[in-house]
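Undergrad: Here are the chains, one letter per residue:
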Amino acid sequence: GAVVSQHPSWVICKSGTSVKIECRSLDFQATTMFWYRQFPKQSLMLMATSNEGSKATYEQGVEKDKFLINHASLTLSTLTVTSAHPEDSSFYICSANPGLAGNNEQFFGPGTRLTVL
Amino acid sequence: LAKTTQPISMDSYEGQEVNITCSHNNIATNDYITWYQQFPSQGPRFIIQGYKTKVTNEVASLFIPADRKSSTLSLPRVSLSDTAVYYCLVGINTGGFKTIFGAGTRLFVKA
Numbered sequence: 390g391a392v393v394s395q396h397p398s399w400v401i402c403k404s405g406t407s408v409k410i411e412c413r414s415l416d417f418q419a420t421t422m423f424w425y426r427q428f429p430k431q432s433l434m435l436m437a438t439s440n441e442g443s444k445a446t447y448e449q450g451v452e453k454d455k456f457l458i459n460h461a462s463l464t465l466s467t468l469t470v471t472s473a474h475p476e477d478s479s480f481y482i483c484s485a486n487p488g489l490a491g492n493n494e495q496f497f498g499p500g501t502r503l504t505v506l
Numbered sequence: 015l016a017k018t019t020q021p022i023s024m025d026s027y028e029g030q031e032v033n034i035t036c037s038h039n040n041i042a043t044n045d046y047i048t049w050y051q052q053f054p055s056q057g058p059r060f061i062i063q064g065y066k067t068k069v070t071n072e073v074a075s076l077f078i079p080a081d082r083k084s085s086t087l088s089l090p091r092v093s094l095s096d097t098a099v100y101y102c103l104v105g106i107n108t109g110g111f112k113t114i115f116g117a118g119t120r121l122f123v124k125a
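Here the protein sequences come in this chain order: A and B.
Sequential numbering from 390 applies to the first sequence in our numbering.
Sequential numbering from 15 applies to the second sequence in our numbering.
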């Protein structure tokens with residue numbers, strides 16, 4: 390099946406710094422990727438839809454200036470958490486779909502654990 | 015996007031069959047029903063998807079009644095490694111269509 394990777398798998402940073410997380414579709418192209426955030430014992434919360442070559446679409450309540458999304462190619466989307474604070478500590482997950490006929494499955498990355506000190 | 019309702023948690027024993035039911039009263043004509051499994055600190059993993067009646071694969075079965083307002087994920091003979099959170103999602107799951115997660119069902123399999 391299709392594979393989605395994320396890098397890094399975990400990151401620790403100081404408050405006030407920015408952190409970039411990469412999401413790659415390894416064996417397919419994806420014009421659309423999705424970014425989620427998950428706090429402990431909670432479900433995944435959709436943050437934004439990443440669109441190749443255009444601006445991302447953010448869900449209500451998600452600050453676009455804080456969570457910068459860039460989808461510069463058909464296999465790579467990046468999420469940058471700017472001026473990170475401890476409350477941004479969470480598990481960040483991306484997903485993508487190959488968009489093939491008959492394939493309705495979203496493929497998820499392994500996630501990135503962000504800890505802000 | 016149709017809202018889904020699942021039990022918050024379930025307990026089972028190894029070797030038993032587990033059935034998790036999801037309610038989705040507002041499902042639309044073009045919506046599919048998809049189930050994902052998630053282990054701690056990992057991304058969700060696709061289990062099964064269906065539109066109507068019954069779908070079976072190597073790991074699970076999915077039962078969908080004619081009105082499609084609910085669905086049941088059936089896991090045959092669970093093992094300890096099936097302890098995970100199971101999410102029922104309803105929607106058009108291709109390409110650019112959003113995937114919205116509900117609360118999920120936390121399944122705990124005991125020895």
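Since the hints were derived computationally from the structure, they do not count as laboratory data.
Please read all numbers here as calculations on a predicted model, not as lab measurements.
Glycine is no exception: its CB is placed at the ideal position from the N, C-alpha and C atoms.
Incorrect hints may have been included.
[To be verified] Pairwise CB distance ranges (calculated):
#1 A:ALA461 <-> B:ALA80: 24 to 32 Å
#2 A:THR504 <-> B:MET24: 28 to 36 Å
#3 B:GLU72 <-> A:LYS444: 36 to 44 Å
#4 B:ILE106 <-> A:SER472: 32 to 40 Å
[What the hints assert, rightly or not] According to the in silico footprint, chain A covers these stretches of chain B (three or more CB under 8 Å from chain A):
#5 55 to 65
#6 115 to 123
Undergrad: Which of the listed hints are broken here?
TA: Those not satisfied come down to hint 1.
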